Every structure is written in C-alpha cells, then in structure tokens.
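*Asks:* For reference, the chains in residue letters:
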Amino acid sequence: MRAVDAVMECLKAEGVDVVFGLPGGANLPTYDAFVDAGIRHILVRHEAGGGHAAEGYAKATGRVGVSLATSGPGATNLITPITDAMMDSVPVVFITGQVRTDLLGTDGFQEADTIGITMPVVKHSFMIQHPSEIPRAIHEAFHIARTGRPGPVIVDIPTDLSRAEIDYEPVTDVRLPGYQPTTEGNQKQIRQAAKALASARRPVIYAGGGVINANAAAELTEFARSDRFPVTCTLMGLGGFPAPDPQWLGMLGMHGTRTANYAMDEADLICAVGARFDDRITGKLSEFAPRAKFIHIDVDPAEISKNVPAHIPIVGDARHVLAKLLIEYRALSADPTRLEDWWARIHGWQEKHPLGYEDSADGEIKPQYMIQAVYEASGGKAIVTSDVGQHQMWAAQYYDFAKPRQWINSGGLGTMGFGLPAAMGAAVGCPDQLVICIAGDGSVQMNAQELATCAQEKIPVKVLIMNNGYLGMVRQWQELFWDKRYSHVDMGEFPDFVKLAEAYGATGLRLHDKRTLVSDLREALAIDGPVVVDVRVTREENTYPMIPAGQAAREMVG
Amino acid sequence: MGEPGTKEPLSLEDLEAVAGLRTGRKHVLSILVENKPGVLSRIAGLFARRGFNIDTLTVGPTNDEAISRVTLTVDGALHPIDQVTKQLHKLINVLKIRDLEPGDTVARELALFKVAVDGGQRGELMQIAEIFRGKIVDVTKRAVIVEVTGTTEKIEAFEGMVRPFGLIEMMRTGEIAISRGRGET
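Line order of the protein sequences matches chains A and B. Read in order, the letters of the first sequence correspond to residues 1 to 558 in our numbering. Read in order, the letters of the second sequence correspond to residues 1 to 185 in our numbering.
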C-alpha cells in the first residue's frame, strides 16, 4: 500500500473523524488518498485558519485536532497556530508536506526547513526519512500530543516518501523510552498538601487550563466543596469551576476581579492546580501573594517553581491528584468554621468591589452589556470562542461559564484572528451545540476568509463582532500609559461587515440599539448557517478593573 | 537532578537570578539521547533560548548504537540551570540527564597545540611536554604539534607554558566525563 494510504489507516485507527487542511504540491499524494479514505476533510482558505480550527476542535471536544498543509508557505502559515497550541497546551497533530528528498537542502521550490523553524514551538516533531517510519510516527505523534501536558506535534513527510509503497501493518504500541509523563502524583506530597490545607486560615484554590485539559472540573468542584475553599480561575481555566457560585471569586489576574486578586494577595496558602503563574496573573513577582505558601499541582515538572517557588510541589495529572487529595483531605475532618473570618473578608470585597460599569442612558450599547445580552440570548449555554483584546476580557468577565470546554480562547500567545476559525472547529466537533465567536473588529479581519469555509461546509457559527472601530486594547494602553497619543489604532468603519458576510455567503446583520439587543441577538442566533452580527458599541470604553503591567495586585485601577 | 516533586523550595533570589549570569560554578551535564537526527539542535536550542553560552560540547556513540551521549559544560546560576535541565527532560529523545558533581567525576579533554619552535627551542618544549605527559605527534622545521590529554585545568596550564614559544593554534575537544564508582553515569 502507498504510505499515504497507511496515513489514512492510522488516522482512522486514532479515531479521527475530521481534518482541516489545504492541498499543495508537496502533499498531493496525501490529498489523493483522501479521495477514497472516508475521512471528512474541511478545505480551509488559509493554513492558519486550518490550524486554529484544529485547536478549536481539540479544545471543544478534548480529542486530538488534525491540521494539514503543504511544504514551504503552507507550513510557515502554520507557525502561529502551532505556537498557540504550544502556549495553551492544545493537542494538535500537524502533518506537513515536504519537497522530495533529493531536493532537501537545495532551496527547492516551496522548500522550508519546517522541522528547524518549528523546533522551539512544538512538543515534538518527526522528520520522516524512510516511508516505513510513517505509520509509527503518526501514532506516536497522537500519543505525544494528547498525553502528559498536551501540545502540538508535527509530522513532516517528503512527497516522494509519502507516495512510496510500504508493507503496512497496524501499529499497536509506542516506543518512546524518553517520554513517560508522571500522572499519578506522589502520595506523600498529596498528604502533606491536605494537611497544609486543613490548617490554612486564608486558603485560595487557583485553577488554570490544566484542569480543563485533564477533564478535572468535576474533581476540582468536589474538592472545593469538601470545605468552603474559595476558587478563582485563570483565563484558561474558566469553566473549570461552575460560575456563578457562592465559592466563586471570579477570574484573577490583570483583568480579574478585585476580590480574586485581593484574596490571592492576602492568602496564607494558595493551591495552584494546572496553572503556571504567568506574568498576567502574578503582576510584580516580588509582591505577588507575599503571605502565601504554595501547593503546586502540575503535570509538567518544568512548571513547578519556574516563576514562584512551590513549598509543596506535586507532579501529576490534575484529575488523579485532586481525587486523591479529596480522600486525604476528608480523612482529616478539618474544622470548616476556621474559614469564617476569611469569608467575611471576601464578602466584604465582593460587596465593595463588584464587577460593574456605567451603563448608557440611551440606546448606546456598552460592550459589557453586549456580553450580558449574549449570555441572556444564548441562555448561558453556548460554546464561546473569542479573539484577543478588550472583547476577550469582557467576555471572560461577564459570560459566566458553567462548564469546562465552554470557553475557547487564545491565552498564552494572545493570537488575534483565533476566534472565528476556532469556532469553526468547535462547531464541527460539537454539531449539536450553539457556537458563538465573540470577535473584535480588528481581530476578526485576521482570519475572516474562513467565513467562506463556514458557508461552503454549512458550519453554523455565529460571529458577534464587538465593533468599536479601534484596536481597542492597544488604544486603551495608549490612553492610560502613553498620554492618549493614539498611534494607528483607529480602524474606522472598514470593512462593511454586513456586506463582507454576504459576499462570503453568510448572513450579515448590524445592531446598535441596546433596548432591543437581547431579542435581536436571539433572532440572529436562530438563523440557519453562519451569521455575522456587527454590533456597534461604545467606542472608547476601557476594560476594568486592571492591574497595570508589572505592578502588584494591590495597585488595581478602575 | 533528583526526583521531581522532592526538591527543597528555592528562594526568590534564586528565582530572579538572571539566566546567563556567570557564577564560576561549572556544570557538566551528561545527557543520554536517542541517536536520531535533530537531537543536538533541540538541545542546543533550549540553551540558546535562555541566553546560555555552552562552553564545551561533545557528542559520541555509547556501547549501544541506538544511544549517544552528549556531554556539555555550561556556567550559570543554579535556578536557570535547573529550569533548562527540566526542559531538557521534556525533550522526547532525551533519555537521561545528570548534572555531574565535580568531586564524583572523572573528566578528560584532549588538546592539540601547534607551537612555533625551531631547532634551538625544540628540546625545551619536548621537556615541558614530557612533564605534562604530552606526546609530540608531528615535527617540522619550524613547528611542533603536541597532543595533551587531561583535565581542563591541566590543559590550560600547558597552554600557559607553551604560549611564550609562539602558539600558532590550539584545538580542544571539550570535556567528556564519567562518574566514579561502580554505577552508570
């Protein structure tokens, strides 16, 4: 059988039901194999769209996403999604075409050193040198992508090798002696953590994207409720604990709630679960949670004590570790009344500093209100993707995510243009669910071409553009930190998003009246097929509260 | 580097130590890797990204042809070395890493010195080479090549001795290192 036909067999054996890709010269053999393979292939309009779609699919379903591209520019167009998947630990396998082996290193047409270029931003990569290696490489790629700390894996296949004949035998094992992720967690350390939690008087659980990746939301919730532990999540962890909830403090970090940030500041014990103490969380490192000791649970040992020293490090998968921690903690029968003073303090902050904004007196749509209206119109049940910027932060603040995998965004890399293709992937992976992309008018243009894919494939994403005619977050920073010297942030009323949507074969709508916004959105969400809604919001609204970059939580403004 | 999850907490000063800050403490990392293309790039890339300068680097086969050993020496503050070691562990093709303690390690390096000497000085140079257990491996009218094996300190000492003769060039392999005692490195 041809090696490419073996690739198809491997994909089927891995349970792949859909791939996102774009053909070109060097992956023609692969595309020939698709004709008979019986695997759904979605033809994207740009490889970056395909890569982000595979990420959206992976984040929404928990399965490994697959994205294909040809050599050279096809592969280099994947760099952003690959890096994005690395930063946010998203399991995606990228299969790229490569020039013939006799052309390698000769600057052949559409040749790029894909393996070399991507080396710093992949979990692993396979440069195929012999066609017989291909089946094992594909299976090992899937294994590496989805286990341990998930991440992107590339398989780069020269075109002459992909069309070569091989003796295909199904691969049922992986041989990776250098790859054995620790998942169980050291029992002694877990017991120590339980004891520390039982004696803590001002504890906080700080949960990140690792909880989502490990499918540990139920374990996290049960553990938090085994006592009255206050819980905050990072941008990537939203949905890991059901919001709203009496024990929920809101998101923490740069645009988190004051309550969450003040609780971290005053905590005596912080239990970090699948979170990596990013600078958007810690602010000024030397003043971060100065009174706290740290329990750090992470599947990646390299995250432990990377930014903040852990007193009780636990290397393991969040689901396993939390389940064991619950048992250990229950055995201690801690006195829940010890947390009463702490909760009184937290309730004080919640009353004094609720999330809020000044609403308009007329029909003007405040961006925060737009998110609340989307929440209401979707019953709080949609899968929501976002781009990067103000709209992303408002969506994180005002759409209460009750379930894991309901909130899909680009956190680590902060990739504008992520939202629309990610929504497309999520909708393909979860066809029974409403998928909404909350986009910025700046961001959405970076991958707007995928509207054509959505129209052609009848992928019913609802793209709600929060349109303020600005690169809003940059404008906000120029206003606050650069004396309002606005430099190249005004995008005007270009393009006409309604016409753009129609040109791509989607439905286009424009909304600008707050008074009918909820019902208008409800109607828009009910329209079949892809829909683009251009929602005109207040132009110069700022995202608050905010910890200015590099400052301490105490110095929150707004 | 010990088992993950058992380490003493680091102080904030350790954490804030700037990567690449030279402390004078030399680390000899002995890394067992799968003998596959690109492995060296992956390892070197991890160091480069953190601003580390690799002082010496040797790669060679082991008694198992599927496995190679990379020995590299690097100078750095404790925490960044610890970070880079953890990152190295994450490379799929890396099997084992040891940060060798100088006291428990035998380390050797080979160097070739091409020295400008004519008939008058040749005898003196040969005497020095003998003291250092060096070998004369090539002699021409106007130059001698000396081979010296030993610790980095010995080779540097020899370099100091022959420099006044007129050192044309010097080549060094970088250290290889093996742990003392019965156990495997």
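Warning: the hint list may mix true and false statements.
To be verified - Rough simulated footprint, nothing fancy, chain B against chain A, three-plus residues with beta-carbon under 8 Å:
1. 194 to 206
2. 228 to 236
3. 298 to 306
Stated by the list, open to error - For the chain B half of the interface with chain A, some residues (derived, Cβ under 8 Å), not all of them:
4. K90
5. L95
6. I97
7. R98
8. T105
9. V106
Honestly, the hints are just simulated from the structure, not real lab data. Because the structure is a prediction, the values reported are computed rather than measured. Every residue, glycine too, gets a C-beta built ideally from N, C-alpha and C.
*Asks:* Okay, which hints does this one fail, numbers in order?
*Replies:* 1, 2, 6, 7, 8 and 9
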